[in-house]
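*Asks:* Residue numbers (the working numbering), protein chains in the order written: chain A, 1 to 298; chain B, 1 to 225; chain C, 1 to 283.
Just so you know, the hints here were simulated from the structure itself, not pulled from any lab data. Values in this document were obtained by computation on a predicted structure and should not be read as measured data. Just so you know, even glycine gets a beta-carbon here, dropped at the ideal spot from N, CA and C. Worth double-checking, as some hints may not be accurate.
To be verified - Facing chain A, a subset of chain B residues (Cβ under 8 Å, in silico):
| hint | residue |
| --- | --- |
| 1 | G77 |
| 2 | N135 |
| 3 | L137 |
| 4 | R149 |
| 5 | I153 |
Claimed, not checked - In silico lysine to aspartate or glutamate, DMTMM-like type, Cα no more than 25 Å apart, as pairs:
| hint | chain 1 | residue 1 | chain 2 | residue 2 |
| --- | --- | --- | --- | --- |
| 6 | A | K117 | C | E275 |
| 7 | B | K87 | C | E170 |
| 8 | A | K117 | C | D274 |
| 9 | A | K192 | B | E122 |
| 10 | A | K117 | C | D134 |
| 11 | B | K87 | B | E154 |
| 12 | A | K159 | C | D240 |
| 13 | B | K63 | B | D22 |
| 14 | C | K136 | A | D262 |
| 15 | A | K192 | A | E263 |
| 16 | A | K192 | B | E73 |
| 17 | B | K87 | B | E122 |
| 18 | B | K170 | B | D185 |
| 19 | B | K63 | B | E162 |
| 20 | B | K63 | B | E154 |
| 21 | C | K136 | A | E263 |
| 22 | B | K87 | A | D189 |
| 23 | A | K192 | B | D2 |
| 24 | A | K192 | B | E119 |
| 25 | A | K117 | A | E191 |
| 26 | B | K87 | A | E191 |
| 27 | A | K192 | C | D240 |
| 28 | A | K117 | C | E269 |
| 29 | B | K214 | B | E24 |
| 30 | A | K117 | A | E188 |
| 31 | A | K192 | C | D274 |
| 32 | B | K87 | A | E188 |
| 33 | B | K170 | B | D205 |
| 34 | A | K192 | B | D14 |
| 35 | B | K87 | A | E298 |
| 36 | C | K94 | C | E170 |
| 37 | B | K214 | B | D65 |
| 38 | A | K192 | B | D205 |
| 39 | C | K136 | C | D56 |
| 40 | B | K63 | B | D205 |
Chain residues, written in single-letter form:
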Amino acid sequence: MNATTLPSPSAAVPMGTSVAPRAARPAKSLRRVLPGFGLSLGFTLTYLSLLVLIPLAALFLRAAGLGVDGILRELASARVQHALVLSFGGALAAAAINTVFGTLIAWTFVRYEFPGKRIFHAMIDLPFALPTAVAGIALTALYSPHGWLGAPLAQAGLKVAYTQLGIVVAMVFIGLPFVVRTLEPVLEDAEKQLEEVAATLGATRLQTVVHIILPEVLPALLTGAALAFARAVGEYGSIIFIAGNVQNVSEIAPLLIMIRLDEFNYAGATALAAAMLALSFVVLFAINMMQAWSRRHE
Amino acid sequence: MDISIRQLGVRYGDVNALRGVDLEIPSGELLALLGPSGSGKTTLLRAIAGLEPVDSGQIVFGKQDATRLSVQERRVGFVFQHYALFKHMSVLDNVTFGLRMRGRDTRPPNDEIGRRGRELLELVQLGGLEDRYPNQLSGGQRQRVALARALAIEPSVLLLDEPFGALDAKVRRELRVWLRQLHDDTGYTTIFVTHDESEATELADRVVTLDAGKINTQAQPAALA
Amino acid sequence: MSSRRALSEPRAIRWLLIAITLAFLIVFLLLPLLIVFTQALSHGLGTFLRSFGDADTLAAIKLTLITAAIAVPLNSIFGIAAAWAIAKFDFRGKNLLITLIDLPFSVSPVIAGMVFVLLFGRQGWLGPWMAAHDIKIIFALPGIVLATVFVTFPFVARELIPLMQAQGTEEEQAALTLGASGFRTFWHITLPNIRWGLLYGVLLCNARAMGEFGAVSVVSGHIRGLTNTMPLQVELLYNDPGAYSAAFAVASLLALLGFVTLALKNFLEWRHGDELAALRGRT
Numbered sequence: 001m002n003a004t005t006l007p008s009p010s011a012a013v014p015m016g017t018s019v020a021p022r023a024a025r026p027a028k029s030l031r032r033v034l035p036g037f038g039l040s041l042g043f044t045l046t047y048l049s050l051l052v053l054i055p056l057a058a059l060f061l062r063a064a065g066l067g068v069d070g071i072l073r074e075l076a077s078a079r080v081q082h083a084l085v086l087s088f089g090g091a092l093a094a095a096a097i098n099t100v101f102g103t104l105i106a107w108t109f110v111r112y113e114f115p116g117k118r119i120f121h122a123m124i125d126l127p128f129a130l131p132t133a134v135a136g137i138a139l140t141a142l143y144s145p146h147g148w149l150g151a152p153l154a155q156a157g158l159k160v161a162y163t164q165l166g167i168v169v170a171m172v173f174i175g176l177p178f179v180v181r182t183l184e185p186v187l188e189d190a191e192k193q194l195e196e197v198a199a200t201l202g203a204t205r206l207q208t209v210v211h212i213i214l215p216e217v218l219p220a221l222l223t224g225a226a227l228a229f230a231r232a233v234g235e236y237g238s239i240i241f242i243a244g245n246v247q248n249v250s251e252i253a254p255l256l257i258m259i260r261l262d263e264f265n266y267a268g269a270t271a272l273a274a275a276m277l278a279l280s281f282v283v284l285f286a287i288n289m290m291q292a293w294s295r296r297h298e
Numbered sequence: 001m002d003i004s005i006r007q008l009g010v011r012y013g014d015v016n017a018l019r020g021v022d023l024e025i026p027s028g029e030l031l032a033l034l035g036p037s038g039s040g041k042t043t044l045l046r047a048i049a050g051l052e053p054v055d056s057g058q059i060v061f062g063k064q065d066a067t068r069l070s071v072q073e074r075r076v077g078f079v080f081q082h083y084a085l086f087k088h089m090s091v092l093d094n095v096t097f098g099l100r101m102r103g104r105d106t107r108p109p110n111d112e113i114g115r116r117g118r119e120l121l122e123l124v125q126l127g128g129l130e131d132r133y134p135n136q137l138s139g140g141q142r143q144r145v146a147l148a149r150a151l152a153i154e155p156s157v158l159l160l161d162e163p164f165g166a167l168d169a170k171v172r173r174e175l176r177v178w179l180r181q182l183h184d185d186t187g188y189t190t191i192f193v194t195h196d197e198s199e200a201t202e203l204a205d206r207v208v209t210l211d212a213g214k215i216n217t218q219a220q221p222a223a224l225a
Numbered sequence: 001m002s003s004r005r006a007l008s009e010p011r012a013i014r015w016l017l018i019a020i021t022l023a024f025l026i027v028f029l030l031l032p033l034l035i036v037f038t039q040a041l042s043h044g045l046g047t048f049l050r051s052f053g054d055a056d057t058l059a060a061i062k063l064t065l066i067t068a069a070i071a072v073p074l075n076s077i078f079g080i081a082a083a084w085a086i087a088k089f090d091f092r093g094k095n096l097l098i099t100l101i102d103l104p105f106s107v108s109p110v111i112a113g114m115v116f117v118l119l120f121g122r123q124g125w126l127g128p129w130m131a132a133h134d135i136k137i138i139f140a141l142p143g144i145v146l147a148t149v150f151v152t153f154p155f156v157a158r159e160l161i162p163l164m165q166a167q168g169t170e171e172e173q174a175a176l177t178l179g180a181s182g183f184r185t186f187w188h189i190t191l192p193n194i195r196w197g198l199l200y201g202v203l204l205c206n207a208r209a210m211g212e213f214g215a216v217s218v219v220s221g222h223i224r225g226l227t228n229t230m231p232l233q234v235e236l237l238y239n240d241p242g243a244y245s246a247a248f249a250v251a252s253l254l255a256l257l258g259f260v261t262l263a264l265k266n267f268l269e270w271r272h273g274d275e276l277a278a279l280r281g282r283t
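Go ahead and model the full structure; you've got the sequences and the hints to work with.
*Replies:* Next up, the structure:
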């Protein structure tokens with residue numbers, strides 16, 4: 001949730017980084033050369049407050065009203081705990097899968113040429129562009145027992161649709177572009193000279209990849225994994241069709257929030273939302289720390 | 001080790017980066033490759049290292065035809081202009097990298113590796129900095145780490161690509177003197193690329209000038225002065 | 001050329017990696033896209049086209065278009081204003097502002113919808129006040145628009161901010177010295193410089209606005225023919241056993257939107273890559 005250090009899905013650069021970094025200097029005077037400061041900043045702050053900050057404040061206030069005890073009481077139910085474990089566990093598993101395959105895929109696109117490369121490369125952004133409900137029903141149709149993939153998998157004894165496995169599959173779908181797109185520019189910029197030096201020193205190709213290249217791209221890899229994780233935890237539309245939505249089995253946390261709201265159990269919904277936000281914050285903070293650690297020698 | 005370059009040709013597309021280059025380098029010589037950019041001097045250096053594929057001709061190390069050998073097999077020590085240090089490894093780990101990557105049959109035991117690494121750091125006058133990281137070193141220090149790293153594998157030849165190009169004038173002058181001394185102490189066959197004529201004449205036993213992919217002149221520095 | 005071998009992977013490995021990559025992409029990305037269209041057409045072209053004659057479906061399409069027509073321009077104006085303030089001026093708290101603008105991205109869409117229910121829902125903060133004045137926000141268009149604006153909030157801003165930061169202020173300053181007013185400077189100098197970035201941001205904003213499901217699902221109430229957007233209509237039809245292929249028919253329209261968005265996005269990146277923040281400034 002620390003947005004300044006996590007790149008966006010479409011831009012692999014944190015928004016706060018300006019190309020020419022400047023030391024922070026407080027405004028010396030109120031006179032500014034270009035006009036429109038007051039108007040633009042004023043509008044920005046107003047719009048931001050009305051549409052984002054105040055609504056979010058409503059959530060925080062309600063959570064504060066419940067107090068930590070109140071929240072923990074709501075979270076004491078097995079159903080709630082299961083939903084949280086499912087959402088976070090599934091997202092972690094999916095992020096791990098995406099890390100492995102995302103690295104392979106990014107490597108292939110950066111280093112190799114093959115026919116149809118442009119088209120496949122464009123395809124990677126599909127989960128960004130495709131509405132989540134469409135992805136949801138498509139994945140379900142694909143993996144249901146009569147589906148193109150579901151049928152052969154069922155023969156092999158593997159049930160995907162309406163199970164926890166299906167949830168992870170959907171999470172892999174939506175998280176893939178985050179890893180690949182974050183990794184690609186870093187791989188492109190990876191210094192060839194480091195690989196050459198390693199070769200002159202006698203390292204085999206595999207040794208070079210493992211000891212030299214991977215550590216270099218590790219920060220970007222962690223960032224991509226973090227983004228994929230964050231997206232998968234909160235995802236709703238792509239998942240609820242393929243999940244079984246059976247409580248204590250295949251019910252994801254966002255769905256449970258929805259159910260609580262339908263029951264007008266705002267307290268329950270708030271508690272669960274607060275727990276999700278807090279847990280996400282912790283995980284992302286940990287990943288940020290890992291990233292800072294992997295960047296310690298830059 | 002003597003090095004022989006025979007009729008070496010390297011093409012990039014339809015550009016001849018090197019054309020029919022012949023060069024004999026006796027063992028232990030400190031040779032300078034001098035020329036303007038585009039003359040092919042870096043291409044020649046990289047071809048010797050195996051970092052550029054060769055289109056025609058031969059490269060011979062001692063008695064062995066090395067033209068078809070891979071980079072790893074040639075055991076050349078290569079130092080880049082911008083050091084190319086592994087920034088996530090300590091100075092000692094950088095220097096011992098080549099030794100650590102060796103297969104079980106040729107790899108020395110760990111304490112031996114550490115000892116050799118420290119010895120080399122003493123040799124390049126960076127003793128005590130084993131546990132530092134590249135981002136904590138000055139440019140001149142980094143270049144010396146790169147050199148120690150290349151020396152660690154006991155290379156057949158030491159190749160330096162504009163080794164002092166990224167450093168300021170004062171450091172450059174100091175390192176020149178120091179490199180000459182190092183060469184005299186260790187006796188490695190050394191080839192370095194430069195576009196700076198005074199650097200070439202000051203350092204080298206012999207200066208080879210390249211122009212447009214061919215050797216122009218070969219002379220002792222005195223003759224060029 | 002044996003020396004090349006040392007610096008790249010053996011051919012067998014290369015082709016293996018390419019094969020794995022293609023297999024993964026086909027299985028995980030291409031097949032889902034394809035199946036939308038095959039299922040939509042599974043009962044023939046006639047049934048496919050008839051699905052769009054259904055009154056509820058038409059209402060859903062209309063609602064989606066109206067929502068996007070409101071949300072996208074609003075967020076675009078915001079994006080331009082925010083980028084102008086952030087890129088052309090120095091002020092304290094700039095980084096905080098940027099973080100806050102990014103906030104909706106980090107929030108689950110269900111939570112995004114939920115905050116508006118907490119504000120305006122029957123038991124929300126302003127719920128009783130709304131009821132007293134007979135103002136409907138939740139379960140009506142305003143709620144849907146608000147939720148959509150929330151989730152698509154950062155798209156245009158985060159495209160324009162780095163872009164305008166990279167472009168600096170020199171051209172604008174030059175325009176001022178030549179006597180142009182603030183507005184004319186913006187219109188004639190800034191806007192042309194950011195037009196491709198703006199288009200890119202609008203494209204992504206629109207795709208998300210039309211396709212948003214989770215947040216809208218929370219606030220809409222799913223009232224047939226009234227508060228169902230296209231994605232919600234897809235869900236409705238999907239859950240109706242007799243309307244399976246109709247669900248995919250509507251989904252195929254949305255998939256087409258996604259496809260067109262992708263194509264335009266790639267086109268913009270290819271043609272005008274140097275004017276897009278997404279591709280510049282890779283540190």
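*Asks:* For every hint, state whether the structure bears it out.
*Replies:* Results for each hint:
1. G77: Since chain A brings a Cβ to about 7 Å from G77/B, closer than 8 Å, the hint holds.
2. N135: With a closest approach of 6 Å, the N135/B hint holds.
3. L137: For L137/B, the interface hint is violated, since the closest Cβ of chain A sits about 11 Å away, which is over 8 Å.
4. R149: 7 Å, holds
5. I153: The hint holds - I153/B has a Cβ within 8 Å of chain A, the shortest such distance being about 6 Å.
6. K117/A with E275/C: It holds: about 24 Å lies between the C-alpha atoms, which stays within 25 Å.
7. K87/B with E170/C: 37 Å, violated
8. K117/A with D274/C: 21 Å, holds
9. K192/A with E122/B: 29 Å, violated
10. K117/A with D134/C: 57 Å, violated
11. K87/B with E154/B: 23 Å, holds
12. K159/A with D240/C: 23 Å, holds
13. K63/B with D22/B: Judged against 25 Å, a Cα distance of about 16 Å means the pair holds.
14. K136/C with D262/A: 17 Å, holds
15. K192/A with E263/A: Given pair K192/A, E263/A is violated - Cα atoms ~59 Å apart, limit 25 Å.
16. K192/A with E73/B: 19 Å, holds
17. K87/B with E122/B: 21 Å, holds
18. K170/B with D185/B: 23 Å, holds
19. K63/B with E162/B: Distance of about 28 Å is beyond 25 Å: violated.
20. K63/B with E154/B: Holds. K63/B to E154/B sits at ~18 Å (cutoff 25 Å).
21. K136/C with E263/A: 19 Å, holds
22. K87/B with D189/A: 15 Å, holds
23. K192/A with D2/B: 29 Å, violated
24. K192/A with E119/B: 29 Å, violated
25. K117/A with E191/A: Measuring from Cα to Cα gives roughly 23 Å; hence the hint holds.
26. K87/B with E191/A: Measuring from Cα to Cα gives roughly 12 Å; hence the hint holds.
27. K192/A with D240/C: 57 Å, violated
28. K117/A with E269/C: OK: K117/A and E269/C at ~16 Å, within 25 Å.
29. K214/B with E24/B: 14 Å, holds
30. K117/A with E188/A: 16 Å, holds
31. K192/A with D274/C: Measuring from Cα to Cα gives roughly 24 Å; hence the hint holds.
32. K87/B with E188/A: Answer holds: K87/B to E188/A is near 18 Å, not above 25 Å.
33. K170/B with D205/B: Judged against 25 Å, a Cα distance of about 23 Å means the pair holds.
34. K192/A with D14/B: With a Cα-Cα distance of about 24 Å, the restraint between K192/A and D14/B holds, given a limit of 25 Å.
35. K87/B with E298/A: 7 Å, holds
36. K94/C with E170/C: Since the Cα atoms of K94/C and E170/C sit roughly 20 Å apart, the hinted pair holds (cutoff 25 Å).
37. K214/B with D65/B: 22 Å, holds
38. K192/A with D205/B: Since the Cα atoms of K192/A and D205/B sit roughly 32 Å apart, the hinted pair is violated (cutoff 25 Å).
39. K136/C with D56/C: 21 Å, holds
40. K63/B with D205/B: 23 Å, holds
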